[in-house]
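Chemist: Read off the chains here:
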Amino acid sequence: MGTAVVITSGKGGVGKTTSTANIGTALALMGKRVCLVDTDIGLRNLDVVMGLENRIIYDIVDVANGECRLEQALIRDKRFDHLAVLPASQTKDKSALQPDRVREMVMRLKEQFDFVFIDCPAGIEHGFKVAIAGADEAIVVTTPETASVRDADRVIGLLEASHLKSPKLVINRIRPKMVKQGDMLDIDEVVQVLAIDLLGVIPDEEAVIKNNIKGEPIVMHPDHRAAIAYRHIARRILGDSVPLMVLDEEPGLWGRMKRLIGGRR
Amino acid sequence: MAVKMIVEGKSDARLPVAVKGTREGLVFLLNERCPYEDVRRCLEELLTGDSAGLFEGPQVSVAVDYGDRQLTPEQARELLMVFLARENFLLREWGGNTAARQALHGQRPSVRAMRQVIHKGTVRAGQDLYFEGDVVVVGDVNPGGQVTAAGDIYVFGRLRGLAHAGVHGDETAIVAAAEFSPTQVRIANVVGWTPSPAGKMSTFMEFAYLTEDGMAVDKMQYAGALRSKEPLRAGGDRDGGQSVREGDEPWAPPL
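Going down the list, the protein sequences come from chains A and B. Using numbering that gives the first Met the number 0, the letters of the first sequence map in sequence onto residues 0 to 264. Using numbering that gives the first Met the number 0, the letters of the second sequence map in sequence onto residues 0 to 254.
Be aware that one or more of the hints could be misleading.
What the hints assert, rightly or not - In silico lysine-lysine, DSSO-like type, Cα no more than 30 Å apart, as pairs: (1) A/K128 to B/K119; (2) A/K167 to A/K93; (3) A/K109 to A/K31; (4) B/K119 to B/K19; (5) A/K10 to B/K218; (6) A/K164 to A/K179; (7) A/K164 to B/K119; (8) A/K164 to A/K128; (9) B/K218 to A/K167.
Unchecked claim - Stretches of chain B that chain A covers, calculated by requiring three or more beta carbons in the stretch to come under 8 Å of a beta carbon on chain A: (10) 54-66; (11) 118-125.
What the hints assert, rightly or not - Derived CB-CB ranges, DEER-like: (12) B/M219 to A/E188: 20 to 30 Å; (13) B/M219 to A/L197: 28 to 38 Å; (14) A/L197 to B/D127: 19 to 29 Å; (15) B/D127 to A/M106: 32 to 42 Å; (16) B/G20 to A/E103: 50 to 60 Å.
In case anyone wonders, no lab produced these hints; they're calculated from the structure. The beta-carbon is built from N, C-alpha and C at its ideal position, and this holds for glycine as well.
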């Protein structure tokens with residue numbers, strides 16, 4: 000029996016889908032059987048980020064309405080056999096899914112997979128309730144901006160009021176330089192306000208967007224720091240204790256020379 | 000002595016006339032700080048203007064309390080006529096410190112003393128907690144979160160959201176917090192907010208209270224002194240609790 004994890008944020012555009020794709024792929028890299036479920040009905044994009052859009056025949060709404068079997072709607076990933084995506088419907092709207100049906104579906108997926116990641120739509124209405132219905136754990140994604148932290152706080156309150164008592168936090172798109180200049184909230188501030196366990200911090204990298212467009216999660220390219228950060232999160236989910244990455248910008252050529260000579264940085 | 004300044008939108012900005020419903024009937028509280036003309040105009044509008052329909056119905060007993068205002072005989076006659084013009088009003092009381100007003104304010108302390116709640120846990124954005132008496136929040140009140148109480152609010156944590164003490168009009172209520180940096184504080188019907196985002200954390204527990212000139216914030220140790228100057232609550236004088244410590248500068252309201 001696997002674990003179902005919902006990935007949510009309240010605010011849109013903070014990186015729920017990207018995080019779902021990358022954490023899921025990272026766990027698949029480690030040999031786990033993983034299923035990614037997109038519950039953002041009407042605005043599906045998990046399949047795009049995973050580069051599997053062209054293989055969709057049935058979707059989650061079809062399964063819920065009994066128009067196909069669950070197995071028919073699952074799309075095997077092109078990179079890993081044990082990674083699957085259950086796509087959202089592009090044409091219907093959020094009301095096409097009911098919490099009970101999704102809970103049932105997730106239960107069945109948990110029998111086949113070690114991890115089921117549920118990509119939640121933005122907002123806290125029906126779509127949110129549907130997405131958290133079947134989950135055993137929750138990951139809240141936020142960026143180091145006040146608006147996004149505020150919404151995360153709201154969502155954590157709602158999760159705690161539901162059956163998901165101890166959500167975990169992922170801080171996405173942090174820019175060490177801006178934090179240093181005081182133009183961005185730092186990790187401590189965010190964690191202090193939200194007061195939940197920190198699962199990981201993802202540095203802001205252009206390569207993440209580039210890879211989303213290519214349909215290949217960045218986690219496949221370990222030369223990027225965001226990829227390493229996502230892999231660390233995956234290891235923490237499996238129970239390893241991995242220290243937080245040091246996010247300071249790497250010193251340039253000049254800085255390195257100075258260090259060689261023994262000067263202060 | 001006041002450590003931090005909070006600006007506010009003033010108790011004088013209260014409506015010139017407040018109407019309260021009690022078991023005995025209606026109590027009209029005429030604000031003693033407003034110009035007389037405002038009171039009369041407001042009253043006339045209330046009883047004969049658009050809202051006149053609200054007061055229609057069966058016979059109702061009415062008490063009128065004009066506080067510490069010194070009414071001239073003409074003014075008193077003028078005001079009385081406004082009330083007498085309404086056929087279903089039975090004027091029960093008329094005066095400066097009526098039994099009706101005392102009853103209105105006398106009810107509160109007992110309720111408040113009895114209901115004290117300790118709330119454990121963070122108050123997060125979007126959560127709005129209401130308490131019928133005093134409340135102690137053990138945890139933070141995050142931005143976007145709100146705590147409302149009929150009595151005092153004490154936060155054993157960081158107050159960064161909104162706190163509304165004395166929500167039913169108790170002007171002696173206070174808001175205290177270990178780290179006092181609220182987005183907004185309300186006491187009774189006075190609203191205050193920190194002028195700029197609080198940068199440094201203070202090492203003192205602080206509390207907000209009402210003075211005659213508005214809202215003030217001070218170190219927690221003065222709360223006891225402030226409270227001890229209040230007259231006995233039961234049947235208490237409404238303004239008695241506003242005696243400010245000597246040397247305290249009340250907040251200046253920028254009007």
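Chemist: For every hint, state whether the structure bears it out.
Modeler: Cross-check of the supplied hints:
Simply put, A/K128 and B/K119 have alpha-carbon atoms about 26 Å apart, close enough for the 30 Å limit, and the pair holds. For the given pair, A/K167 sits about 25 Å from A/K93 by alpha-carbon distance, which is consistent with the 30 Å threshold. Distance restraint check for A/K109 and A/K31: the Cα-Cα separation of roughly 12 Å lies within the 30 Å cut-off, and the hinted pair is therefore satisfied. Note on B/K119 and B/K19: the hinted pairing is violated, with a Cα-Cα distance of about 34 Å set against a maximum of 30 Å.
Proximity of A/K10 to B/K218 is assessed by CA-CA distance (about 38 Å); at most 30 Å being required, the pair is judged violated. The hinted pair formed by A/K164 and A/K179 fails the criterion: a straight-line CA distance of about 33 Å is larger than 30 Å. At most 30 Å may separate the alpha-carbon atoms for a hinted pair to count; A/K164 and B/K119 meet this at roughly 15 Å. Among the hinted pairs, A/K164 with A/K128 is consistent with the structure: their alpha-carbon atoms are about 15 Å apart, no more than 30 Å.
Taking the CA atoms of B/K218 and A/K167, the gap is near 37 Å; set against the 30 Å cutoff, the hint is violated. Counting residues of the segment 54-66 of chain B whose CB falls under 8 Å from any CB of chain A gives 0; the rule of at least 3 is not met. Evaluation of the coverage hint for the segment 118-125 of chain B: fulfilled, as 4 residues show C-beta separations to chain A shorter than 8 Å, against a requirement of three. B/M219 and A/E188 have their C-beta atoms about 25 Å apart, which keeps the hinted 20 to 30 Å range intact.
For B/M219 paired with A/L197, a C-beta distance near 32 Å keeps the hint of 28 to 38 Å intact. The hint said 19 to 29 Å for the Cβ distance between A/L197 and B/D127, and at roughly 27 Å that hint holds. In this structure the hint that B/D127 and A/M106 lie 32 to 42 Å apart at CB holds, the actual value being about 35 Å. A hinted range of 50 to 60 Å for the beta carbons of B/G20 and A/E103 is consistent with their spacing of about 52 Å.
The structure fails to meet hints 4, 5, 6, 9, 10 from the earlier list, while all remaining hints are met.
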